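Order-wise, the sequence lines are chains A and B. Heads up: the first sequence begins at 81 in our numbering, then just goes up one per residue. Heads up: the second sequence begins at 184 in our numbering, then just goes up one per residue.
In short, the hints are calculated from the structure, not lab data. Source: prediction; values computed, not measured. A few of these clues could be false.
[As the list claims (entries may be wrong)] Example chain B residues on the side facing chain A (calculated, C-beta under 10 Å, incomplete):
| hint | residue |
| --- | --- |
| 1 | Val187 |
| 2 | Asn213 |
| 3 | Val214 |
| 4 | Tyr216 |
| 5 | Tyr218 |
| 6 | Leu228 |
| 7 | Tyr232 |
| 8 | Asn238 |
| 9 | Phe247 |
| 10 | Leu273 |
| 11 | Glu286 |
| 12 | Gln287 |
| 13 | Gly290 |
| 14 | Gly292 |
| 15 | Thr296 |
[Claimed, not checked] Restraint ranges, calculated between C-beta atoms of paired labels, are given here:
| hint | chain 1 | residue 1 | chain 2 | residue 2 | range |
| --- | --- | --- | --- | --- | --- |
| 16 | B | Thr296 | A | Lys151 | 41 to 49 Å |
| 17 | B | Asp236 | A | Ile140 | 25 to 33 Å |
| 18 | A | Pro120 | B | Asn239 | 26 to 34 Å |
We put the beta carbon where it would ideally sit given N, CA and C, even for glycine.
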Amino acid sequence: AQSVSQHNHHVILSEAASLELGCNYSYGGTVNLFWYVQYPGQHLQLLLKYFSGDPLVKGIKGFEAEFIKSKFSFNLRKPSVQWSDTAEYFCAVTSNAGKSTFGDGTTLTVKP
Amino acid sequence: DAMVIQNPRYQVTQFGKPVTLSCSQTLNHNVMYWYQQKSSQAPKLLFHYYDKDFNNEADTPDNFQSRRPNTSFCFLDIRSPGLGDAAMYLCATSRAGPQGSYEQYFGPGTRLTVT
Numbered sequence: 081a082q083s084v085s086q087h088n089h090h091v092i093l094s095e096a097a098s099l100e101l102g103c104n105y106s107y108g109g110t111v112n113l114f115w116y117v118q119y120p121g122q123h124l125q126l127l128l129k130y131f132s133g134d135p136l137v138k139g140i141k142g143f144e145a146e147f148i149k150s151k152f153s154f155n156l157r158k159p160s161v162q163w164s165d166t167a168e169y170f171c172a173v174t175s176n177a178g179k180s181t182f183g184d185g186t187t188l189t190v191k192p
Numbered sequence: 184d185a186m187v188i189q190n191p192r193y194q195v196t197q198f199g200k201p202v203t204l205s206c207s208q209t210l211n212h213n214v215m216y217w218y219q220q221k222s223s224q225a226p227k228l229l230f231h232y233y234d235k236d237f238n239n240e241a242d243t244p245d246n247f248q249s250r251r252p253n254t255s256f257c258f259l260d261i262r263s264p265g266l267g268d269a270a271m272y273l274c275a276t277s278r279a280g281p282q283g284s285y286e287q288y289f290g291p292g293t294r295l296t297v298t
């Protein structure tokens with residue numbers, strides 16, 4: 081069975097602070113890893129993804145994530161957050177059979 | 184623009200009255216998903232179609248059914264909605280397989296209210 085665990089349920093930061101959101105997954109096969117973001121009033125959209133190759137992947141709006149296979153982790157980072165980054169962030173794993181599992185999400189609030 | 188469309192955006196139904204939610208896509212993706220999302224929770228996968236193959240999650244209630252008559256359309260049928268079924272229902276699509284990226288494109292969701 082596949083599962084995803086996000087460590088932080090609610091994070092509050094001031095603008096320009098650095099961000100790191102933890103994500104650990106459990107799955108025995110080949111994984112496709114994702115971070116999705118849901119801005120207030122909008123639908124879920126892709127932030128970044130990892131399939132293979134360079135374990136450090138870059139996404140939109142200055143976000144990046146690092147896949148560490150030995151730790152089954154895929155943590156999301158941003159060096160300097162902005163007020164507009166206020167949103168719900170979901171880590172997800174999708175198997176090659178298409179089955180998808182989401183973490184419980186992290187609500188990020190950035191104070192101006 | 185290619186997209187995932189869900190209709191209606193808001194649906195109110197009575198307790199026990201069957202309801203159908205629809206999803207269509209212009210992306211020509213081979214996988215379609217239905218999720219249930221309750222307030223402040225993760226999207227919960229109900230089922231997905233990989234091409235024509237239907238994959239039901241073990242904990243999806245029998246009350247929920249799905250149909251995919253063709254590549255573009257997918258329906259969620261709730262046979263006898265209960266108060267606990269009030270939620271946002273999300274449809275998503277992806278391209279899976281050797282040339283696929285598996286990233287999901289989400290529709291705006293249908294907010295279901297059960298009275």
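Chain A contact restraint on Asn238/B - CB to CB distance below 10 Å: OK, holds: Asn238/B within 10 Å of chain A, min 7 Å.
Residue hint Tyr232/B, partner chain A, criterion CB-CB below 10 Å: At about 8 Å, which falls below the 10 Å cut-off, the nearest Cβ of chain A leaves the hint on Tyr232/B intact, so it holds.
Evaluation of the interface hint that places Gly292/B against chain A, nearest CB under 10 Å: Holds. Min distance 6 Å.
Evaluation of the interface hint that places Tyr216/B against chain A, nearest CB under 10 Å: holds (6 Å)
Hint check for Asn239/B and Pro120/A - Cβ pair distance inside 26 to 34 Å: holds (32 Å)
Agreement of hint Thr296/B with chain A interface, Cβ distance less than 10 Å: violated (18 Å)
Interface hint compliance - Tyr218/B to chain A, C-beta minimum distance less than 10 Å: holds (8 Å)
Chain A contact restraint for Gln287/B - C-beta distance below 10 Å: holds (7 Å)
Satisfaction of the Val187/B interface hint, Cβ to chain A closer than 10 Å: holds (9 Å)
Outcome of range test on Cβ distance (Thr296/B, Lys151/A; 41 to 49 Å): Holds, at about 42 Å.
Range hint 25 to 33 Å (beta carbons of Asp236/B and Ile140/A) holds or violated: holds (32 Å)
Status of the Leu228/B interface restraint (C-beta, 10 Å, chain A): holds (6 Å)
Hints 9, 15 from the list above are not met by this structure, while the remaining hints are.
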